[in-house]
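Number of protein chains: 2
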Amino acid sequence: MLGKTPAGNKLPPNVHRAVLMRTITDLAADIRAGNLSLIDLLEQCLARIDAVEEKTRAWVVVDADCARRQANRLADELLHGHDRGPLHGIPVGVKDIIDVAELPTAAGSKRWANAIARQDARVVEQLRQAGAVIVGKTVTTAFAAFDPSVTNNPWNRGRTPGGSSSGSAAAVATDMVPAALGSQTGGSIIRPAAYCGVCGLKPTYNRVSLQGVVPLSPCLDHLGVIAGNVSDLAVMFQAIIQPDYEAQRLPTVTPVMPQEKKLVTLDGLFADRQDSAMVEAFESLKNDLRRKGWVIESRPVPASFNEVLKHHRTIMAVEAANYHEERFRRYSEDYPPKMTELIERGLGTTATEYAQAREHQSKIVYESSTWFDHRGMAILVPATSGPAPDRTTTGDPAHQAVWSYIGLPTITLPFAVTGDGLPLGLQLAGAGQTEAELFGTAMALEAEVDFRRPVLG
Amino acid sequence: MLGKTPAGNKLPPNVHRAVLMRTITDLAADIRAGNLSLIDLLEQCLARIDAVEEKTRAWVVVDADCARRQANRLADELLHGHDRGPLHGIPVGVKDIIDVAELPTAAGSKRWANAIARQDARVVEQLRQAGAVIVGKTVTTAFAAFDPSVTNNPWNRGRTPGGSSSGSAAAVATDMVPAALGSQTGGSIIRPAAYCGVCGLKPTYNRVSLQGVVPLSPCLDHLGVIAGNVSDLAVMFQAIIQPDYEAQRLPTVTPVMPQEKKLVTLDGLFADRQDSAMVEAFESLKNDLRRKGWVIESRPVPASFNEVLKHHRTIMAVEAANYHEERFRRYSEDYPPKMTELIERGLGTTATEYAQAREHQSKIVYESSTWFDHRGMAILVPATSGPAPDRTTTGDPAHQAVWSYIGLPTITLPFAVTGDGLPLGLQLAGAGQTEAELFGTAMALEAEVDFRRPVLG
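Those protein sequence lines, which keep their order, are chains A and B. Under our numbering, the first residue of the first sequence is numbered 67, with each subsequent residue one higher. Under our numbering, the first residue of the second sequence is numbered 67, with each subsequent residue one higher.
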């Protein structure tokens with residue numbers, strides 16, 4: 067049993083690992099067994115933040131006092147038998163495009179730096195209902211687009227942590243919090259998670275509410291989770307899922323383990339974009355899985371994929387321009403170069419181009435249901451084109467954006483480390499609404515791959 | 067026809083009167099007849115603001131550039147035959163507890179002074195749909211409660227303009243804008259309107275959306291309008307009314323003129339609170355109306371009224387405490403004395419006290435339907451206990467709060483000026499959802515009373 071940790075104390079790295087690298091489910095069991103107090107858990111997160119935030123810059127704001135008040139109240143609840151489930155007392159981070167009452171939602175902009183939110187976003191409300199402790203707001207690139215943020219990649223500070231959910235990925239990778247909310251329009255959850263060697267979930271389109279979240283492109287925006295392992299993604303997802311439209315109650319999403327050890331790959335998907343480290347590591351992964359009894363079936367890339375990236379960019383540009391136009395014209399100084407380019411591209415797009423893109427998107431959504439032989443089938447692809455590049459970019463979004471465009475759920479988990487010490491992620495995509503099956507397959511793969519995250523930061 | 071007025075030019079008082087003291091309906095006709103451009107109309111409002119705002123302090127922010135852009139776009143629309151109706155191009159003010167995209171919603175607080183709204187409140191969206199030009203945000207007391215604001219009463223700067231919608235009332239009274247949005251939980255529309263010698267509408271509870279408005283007490287909060295005459299209240303109300311729940315379309319609210327010249331008064335209502343100027347003026351009003359053929363029927367005050375003020379305060383205190391508690395505990399310096407007292411009172415109230423109050427409120431709502439012999443019946447009472455008192459207070463809310471509590475629609479219009487030069491308002495209350503009939507009765511009375519607002523400010 068761990069002793070009481072005074073606020074602000076630095077912990078030796080092996081102490082934090084003992085606690086913080088466990089799954090949320092294990093932490094929850096420890097808390098209920100009396101082996102860990104949730105006050106201690108929070109203090110260990112805050113101590114990690116004290117120790118590594120200066121080098122990492124994952125946070126816009128950490129509200130330690132408020133987190134301590136939440137933890138105290140939640141500890142008191144548990145003491146009185148009110149148990150909110152596995153997230154009860156678990157510290158989490160919230161990407162800074164998502165409203166947390168009493169904290170500003172700057173969305174990576176100067177103009178909104180003091181724009182205090184009067185209300186929680188729907189997902190934050192849901193996290194509080196589930197007992198999570200909101201520790202603070204994590205860094206996002208400006209307006210959740212492509213301009214690099216201040217956050218460092220904890221594996222190598224010369225590399226990008228990816229974007230736009232850069233702070234959430236770096237905070238989880240350095241064990242400052244077990245999990246954090248992210249969002250993805252192109253590849254903003256899966257890419258930073260993969261570059262930082264942690265797990266990410268981009269759910270099915272519209273399965274998590276975007277109410278109270280700064281939009282980038284409403285037809286492509288997804289709210290999701292970054293966490294240290296697949297089980298934690300599932301616990302977080304259960305808390306933030308929207309009620310079923312008809313039943314008006316929360317669906318239960320329990321990971322469903324796969325019936326057979328079988329995966330489908332898409333032959334040559336974005337091959338021209340992949341660097342050699344990824345090509346080699348992904349080949350080894352497939353061989354390794356085959357050795358372990360998995361059937362890896364290679365199928366051709368659907369022809370409709372050829373148009374996806376072009377149309378994805380059109381939709382994103384037009385919708386970003388639609389949301390930002392007035393503000394952009396008046397406060398152009400708040401818009402960094404890549405965001406400016408995106409908006410200007412959107413403003414210069416004709417309605418027919420946009421209509422074509424949206425039509426293609428609608429058609430591929432229908433087509434996609436024919437790709438899956440059965441409900442639990444998963445497609446295995448690389449999460450990114452390679453390891454994290456240098457900091458002039460947040461990386462290539464192609465491998466992630468295709469799934470944002472179609473709205474299918476994806477999970478990334480780390481599976482290898484390159485020769486120069488950078489993590490690589492695999493990506494699983496499933497049919498719409500099959501997060502439960504996707505969690506199961508991801509857990510099975512997580513058990514097969516030989517990856518152990520070192521102490522970072 | 068008025069010539070083009072360069073921005074920022076001061077107008078002689080008689081020029082602004084020629085334009086700004088007309089009804090919105092008349093202005094709309096002038097605009098369509100080519101006798102007035104809506105650019106000129108806006109410039110005249112801005113010139114009035116330049117001339118009198120320093121002495122009045124009605125505005126938190128005037129966004130002249132943005133207003134000019136709106137006016138130009140709306141002028142262009144009219145030129146191309148797109149006519150949004152009577153509010154097309156009419157400049158309006160918005161109380162600073164209501165979100166206007168790109169402007170902060172400070173709600174009278176320092177902490178939210180830079181809390182820029184990302185979206186318009188529902189009512190502001192509706193005003194824009196109707197073609198209104200949003201000129202800026204008007205001063206509110208802190209959190210729309212009782213602590214006096216910086217705004218001066220344009221009739222006498224030693225007196226309060228009333229609260230909490232003090233800026234909206236003063237801006238209309240000085241002809242800076244023809245109309246402005248206000249809100250009322252106790253008496254925050256009717257009281258400042260009456261103290262400033264203008265008209266006010268507090269609609270039926272829940273008939274105007276509160277989405278995007280900082281709450282004070284959700285079971286008592288009402289969104290409404292302050293304007294120079296009853297016709298303008300009706301035009302504004304038509305724009306902001308919520309769609310009928312079932313039809314999901316905007317109901318049409320055309321003023322219905324009364325079938326008979328008959329009013330009901332409540333004998334001795336709050337008599338102990340009325341000062342002699344109001345008692346005498348209200349008696350003269352009744353006598354004058356009788357001479358003009360009106361039947362004024364006096365009825366006893368319903369016994370249930372005795373408990374109203376006590377329970378009103380309980381509900382308001384508890385609900386204000388509920389919304390503000392966390393913020394109040396952390397940032398107590400943002401809470402002025404009366405608001406502090408209200409919240410502390412709320413925090414000290416037992417659940418059973420609150421439940422009693424809510425039960426009483428529910429019962430009186432049902433009882434109130436028995437007070438009205440027919441759909442168009444109006445109750446005539448004083449709007450306030452007397453003329454505006456000194457600036458240590460925003461005035462006694464009793465005469466207005468009773469109607470906020472029951473949720474019935476009320477209108478105030480000025481009917482007299484006291485010996486020391488302060489206006490007095492009458493108040494009409496109708497059955498729920500009878501705004502159309504109430505407008506008709508108010509227009510009939512407006513034609514009977516001898517009141518002409520001088521140039522103020």
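Among these hints, one or two may not hold up.
One copy or any two copies: either way a pair holds, since identical chains are not told apart in the list.
[Unchecked claim] For lysine to any residue, the following SDA-like pairs were computed, each having C-alpha atoms within a straight-line distance of at most 25 Å:
no.	residue 1	residue 2
1	K429	T458
2	K176	D400
3	K404	Q185
4	K429	M323
5	K121	K376
6	K176	L488
The set of hints was computed from the structure by calculation and includes no laboratory data. Note that this is a predicted model, so its numbers are computed, not measured.
Structure-based check of each hint:
no.	hint	result
1	K429 - T458	neither (35 Å within a copy, 66 Å between copies)
2	K176 - D400	both (6 Å within a copy, 24 Å between copies)
3	K404 - Q185	between (30 Å within a copy, 24 Å between copies)
4	K429 - M323	neither (31 Å within a copy, 56 Å between copies)
5	K121 - K376	neither (37 Å within a copy, 57 Å between copies)
6	K176 - L488	neither (32 Å within a copy, 47 Å between copies)
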